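Student: Model the full structure from these sequences, guided by the hints.
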Amino acid sequence: MSAQLGRRNDLGLGQGLALKLLTAFCMLLLLAPLVVLVVYAFNDSRQVTVWQGFSLKWFAVTLQDREIWFAFRNSLIIGGLNAVLATILGTMAALAIARHRFAGRQGFLNLLHYPVLLPEIIIGIALLVLFVLLDVPRGFGTVVAGHVTFSFPLVALLVLARVGAMSRTLEEASLDLGASRWQTYRFVILPALAPAIVSGVLFCFTLSLDDFVITLFTASPDVTTLPLKVYSMVKFGLTPVINVISVLLILFTLTVLLAIHWLQKEGPHQRWGIRLAGVMVAALAVLMATSIVAERRQETLVIANWADYIDPELLREFESSTGVRVIMTHFSSDEEMLAKVSFGRPGIDLAMATPVSMEILRKSGLIVPFDGERIPNLRYIDEDFRHLGSDPTGTYSVPYAYGLNGILYNTRMVEGPITSWWAMWDERYAGRLIMLNDMMEAFWLAHHLLGYRLQDQRLDHLDEAYALLKKQRPLLRKYESDLVNDMLLSHEAVMAQAWNGQAHKLSSEHPEYRFVVPEEGASLFIDSLVLLASAPNPDAAHRFIDFLLAPERSSQNMEAILYPMPNATARALLPPEIRDDTTIFPAGVDGKRLNIMSDPGDFRRQIQGRWERLLAE
Amino acid sequence: MLALNAISKRYGDVSVVEPLDLVIDEGEFFCILGSSGCGKTTLLRMIAGFDRPTAGRIMLDGVDITDVPPNHRDVNTVFQNYALFPHYRVYDNVAYGLKVRKTPEAEIRDRVAAALELVGLSGFERRMPAQLSGGQQQRVALARALINRPRLLLLDEPLSALDRKTGEQMRQELADLQARSGITFVFVTHNQAEALSMASRVAVMNRGVFEQCSTPFELYQRPQTRFVGDFVGSMNFFQGVVTEVSPDRLGVEVLGQSRIERRGASDLAPGDTVVFGLRPEQLRVSLLAPKDYENGFFGQIERTLFLGEATQLSVRLKSGERIDVKVPNYLMLEDKVMGLEQNEDVWVVWSKGSGVVLHA
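Note that the protein sequences, when read in sequence, are chains A and B.
Here the UniProt record's numbering is used: the first residue of the first sequence is 1, the next is one more, and so on.
Here the UniProt record's numbering is used: the first residue of the second sequence is 1, the next is one more, and so on.
Mixed in with the good hints there might be a few duds.
Keeping only pairs whose Cα atoms sit at most 20 Å apart, straight-line, the calculated EDC-like set for lysine to aspartate or glutamate is [stated by the list, open to error]:
#	chain 1	residue 1	chain 2	residue 2
1	B	Lys326	B	Glu302
2	B	Lys99	A	Glu492
3	B	Lys99	B	Asp67
4	A	Lys363	A	Glu335
5	A	Lys478	A	Glu509
6	B	Lys291	B	Glu253
7	A	Lys57	A	Asp311
8	B	Lys102	A	Glu171
9	B	Lys99	A	Glu171
Computed list of chain B residues with no C-beta within reach of chain A, every gap over 12 Å [to be verified]:
#	residue
10	Leu20
11	Ala175
12	Val209
13	Ser351
14	Gly353
I should point out that these hints are in silico values taken from the structure, not numbers from a laboratory.
In this text the structure is predicted, and so the values were computed from the model without any measurement.
Just so you know, even glycine gets a beta-carbon here, dropped at the ideal spot from N, CA and C.
Tutor: Below, the structure written as C-alpha cells:
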C-alpha cells in the first residue's frame with residue numbers, strides 16, 4: 001500500500017509541478033480577497049477599489065469614531081462573557097460525555113454538532129422567538145445567551161478530542177496514588193486539558209467577535225457589535241473604514257490562531273502559546289473591566305438610523321448638555337428597520353423612516369404623533385416638506401434629510417453638458433453606462449420618460465416601460481448601486497445614475513465628475529424621524545429633535561453628512577462652498593418634477609418578474 | 001496478607017475471571033503469568049480497585065477492601081505504559097502521592113530524594129517525563145509508587161515496553177528492590193522468563209482460571225497441566241495409558257512401548273489415559289540404543305534449527321510423530337551436532353523418570 005503511494009508521488013516532475021500550481025491557485029483563491037482588503041485599508045482615496053497612494057488616515061478616522069468604539073466595547077464584553085461561560089459549559093459537557101455514562105449520552109453527543117450543521121439563521125430566529133415568547137427584553141444577556149448556545153458545543157468537541165487522546169490510566173494513576181476525584185480533576189485532568197481549554201476560550205471569543213447573524217436576532221438596539229456596525233455602514237457604500245476594521249479583526253484572529261496552533265503542540269512552542277494566550281486574556285480582561293466600568297446605567301435615548309447619518313459631535317454636545325446618552329442602532333434597508341422596530345420589545349425611541357415605511361408603521365399603530373408644542377424649532381422646517389403624502393397632518397414625522405437621483409458623469413469623457421435622462425440611452429457610450437441596481441427607480445424612470453405614472457399600475461404601460469429598459473440593457477455595463485464611484489474612477493464606466501450624496505463623495509475629490517438632475521425630473525428620497533409608540537424615553541426624543549432642528553446645529557449636521565435638509569435658515573448658515581455646491585443642492589430643482597416613491601402593493605410582483613428578466617440578460 | 005476469596009469478574013455473558021482463591025504472603029514476589037486475554041490484568045485491576053469483582057471478596061491484612069475505592073487502598077500500581085503525568089516534572093510526579101495526602105513539604109523533599117536514589121535517578125528531579133528514556137520512565141513510575149510505602153505493589157507488565165537488554169537488566173533491579181524494600185510485589189506478565197527469574201511464586205493463568213500456582217522451579221520441572229508444560233518452556237506430548245501404579249513407581253505405555261516413570265499425578269489407576277510430556281532439553285540423540293536406565297524412541301532427523309546457545313533437532317519417529325530435541329552447542333563438532341546429519345537414523349534417549357505424566 002505505502003509502496004504504491006510512494007511510487008505515485010515519484011511519478012515525475014510534471015505531476016509535482018501540477019500539484020504545486022494547484023496548491024498555489026487554491027492559496028490564491030483563499031488569500032487574494034484578504035490581501036486586497038488589507039491593502040486598501042492603507043489607501044488615500046475614499047473609494048475602496050481605486051488606489052490613490054499610501055495613507056494611514058483611515059486608521060485615524062476609524063479609531064476616532066465613537067460609534068465604532070461603542071461597538072468594539074460591546075463586542076469585547078459579549079466576547080469575554082461568552083468565552084468564560086461557553087468554555088466552562090463546554091468543558092463540563094465534554095467531561096460528562098467522556099467520563100460518565102448517563103441516559104441520552106449518545107443523543108447529547110450528537111446534539112453537540114447542531115451548531116455546525118444548522119444554518120445560523122435558524123438558530124437566530126429560534127432564539128428570537130424564544131425570547132419574545134418568554135418576554136425577555138433583548139440586551140447583553142440575550143446576545144450572550146445566543147453566543148453561548150452556539151459556541152459551547154464547539155468547546156465541548158475541542159475538549160472531547162483532547163480527552164479522547166488522553167490516556168485513561170493517568171486518572172487511574174492519580175486515584176491509585178491516593179488522590180480524590182476532585183484532586184484528580186484539579187491536578188491531572190484539567191492541566192492535561194489546559195491547551196484545549198485555553199484554545200476554547202480564544203476560539204469562543206473569536207467566534208463571538210465575528211458573529212453576525214445570531215447577534216442580529218438577539219441584540220437590542222443599544223447592543224451594536226462590531227460586525228453589526230460594519231454591516232450597517234455598508235449601506236452608504238463601502239468606505240475604507242470598513243477595511244480598517246477588517247484589518248484589525250484579521251490581525252486579532254490571526255494572533256488567536258497562532259496561539260491556538262502553538263497550544264496544540266507539545267514542547268517549547270506550547271509554553272509560548274500559553275504566554276501569548278495569557279497576555280491576550282489579560283488584555284481582554286482589562287479592556288472588559290474598563291468597558292463595564294464605563295457602562296454606567298444612565299438615561300438613554302435610542303435611535304434607529306442609517307450609518308454615518310448624523311454628526312457625532314452633535315450627539316456628544318446633546319449628551320453633555322442633557323446627561324442623556326444617545327445610542328445609535330443602525331440598519332441598512334427599510335425592511336430591516338421595520339423588522340427592528342416591530343418585533344418584541346425593541347427598546348427604540350426614534351427611527352429614521354422613508355415615506356413608505358412611515359405609512360406602514362402608522363397604519364399598524366407602531367408610531368405616535370409628536371407633540372409639536374414641545375418642539376418649537378419645528379418652525380424652521382420648509383413648508384413644502386411639512387405635509388408629505390404619507391403624513392398629511394405633518395404630526396407623525398419630522399423630515400430630516402433628502403436626496404436626489406440624477407446623472408453623474410465624467411466631463412472629460414462624455415460630451416456635455418448632460419441635461420436629459422435620454423443620455424443614458426446614448427449608443428456612443430455603449431457598455432460604459434451604469435444604472436442603479438434598484439427595481440423601483442428603474443421602472444419609475446421608464447414610466448416617467450414615456451409620460452406615464454407608475455402609480456396607475458397599468459400592465460400595458462408596464463410592458464412599454466419594460467421594452468424601453470430592455471433597449472437600454474445592452475448599453476449598460478451593469479446595474480450597480482455600491483461601487484458606482486469606483487467604476488467611474490477606474491473609467492470602467494463614464495456615466496451613471498446616482499444619488500447626489502454618493503456623487504458628492506466623488507466630485508468633491510475629483511472635480512471632473514459632474515452631477516445633474518435632468519430636466520425631465522428625478523426621484524427624491526426623504527428620511528423622516530418618527531416616534532415609536534413603545535419608546536422608553538419619549539421625553540428625551542422630543543428634546544433631541546428640538547435640539548437638532550436649531551438652525552446652527554442643522555447646518556453643522558448638513559456639513560457633516562453632506563445631505564440637504566429641508567431647513568432654509570440652516571442652509572443659509574452653511575459655508576459658501578457647500579451651500580453653492582450643485583451636487584449637494586442641485587440647481588433648478590422644481591418640486592413638481594420630483595417623485596417620492598410609494599409602495600406599489602401587489603403590482604410589485606408584476607414589476608419584479610420583468611426586472612428579473614432584465615437582470616438575467 | 002492479601003487474600004482473594006472466590007473472586008470473579010463477568011462482563012455480561014463473558015466470563016473474564018472464573019471464581020478463584022489466592023493467598024499471598026508478606027514479602028512475596030508473586031507473579032501472575034498468562035497470555036493476553038487470560039484475565040490477569042483484570043485480576044490486577046480488581047486488586048487495585050479500578051474494577052469491581054462480580055462476586056467474591058478481597059481481603060488485605062484481614063480487612064475486607066472489596067468496596068474501598070482505589071485512593072483509599074494501601075496498594076499502589078506501576079502501569080504498563082508508566083502513566084507518568086506528562087505536565088509534571090520528575091520531582092512532582094514522584095511527590096504526587098504525598099502531596100495529595102497533604103504531607104509536610106520538608107518530608108516530601110526528603111522522601112522524594114530517597115525514592116529517586118532507590119531507583120538510581122538522583123539528579124533527574126527537574127526533567128520532564130518526555131525527556132527520559134523508557135527505562136528511566138519506568139524507574140520514575142516505580143519511585144512514584146514506592147514512595148507511598150504501600151502494603152502491596154502491583155506491577156502491570158512493567159517491562160514489556162522496554163528493549164530486551166534494558167528489560168533483562170530491570171529484572172535484576174526489580175528483584176533487588178523488592179528484597180531491599182520488603183514490600184510485597186504482585187507482578188503481571190506474559191513473559192515466562194520474567195516470571196521465572198524474579199518471582200518467589202508464579203500463578204499461571206489461562207481463560208480466567210489458575211492452572212498452577214507454585215515456585216518457578218516446581219512450575220518448570222513439575223507442570224501439573226498440559227497447558228503449563230507448554231506455556232512455560234516447551235514440551236513434547238504423547239498419548240499414553242497407565243499400566244502400573246505403586247507408591248514409588250508409575251508405569252505408562254506410550255507409542256506401544258512400556259515406560260517406567262516415577263513422577264505423575266498420584267490419583268491415577270491402571271488403564272487411565274494420560275498425557276506424557278518430555279522437555280526438549282531433557283532429551284539427547286544417540287546412535288546407540290538406550291541403556292536399561294534409559295528410555296528411547298527410534299527415528300530420523302528431519303530438520304535442524306540453530307538457536308545460538310543450542311540446536312533444535314526435529315526427529316520423525318517411526319510411528320509418524322515428531323519429537324523436538326534441544327542439544328547444547330558445546331557438543332557441536334565442526335558445524336554439526338556430534339557429527340549428526342539430516343536424514344540420519346538416531347535414537348532419542350532420556351533418563352527414566354525425567355518425563356511428566358499428566359491427566360489427559
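Student: Hint by hint, which ones does this structure get wrong, listed from lowest number up?
Tutor: 2, 3 and 5
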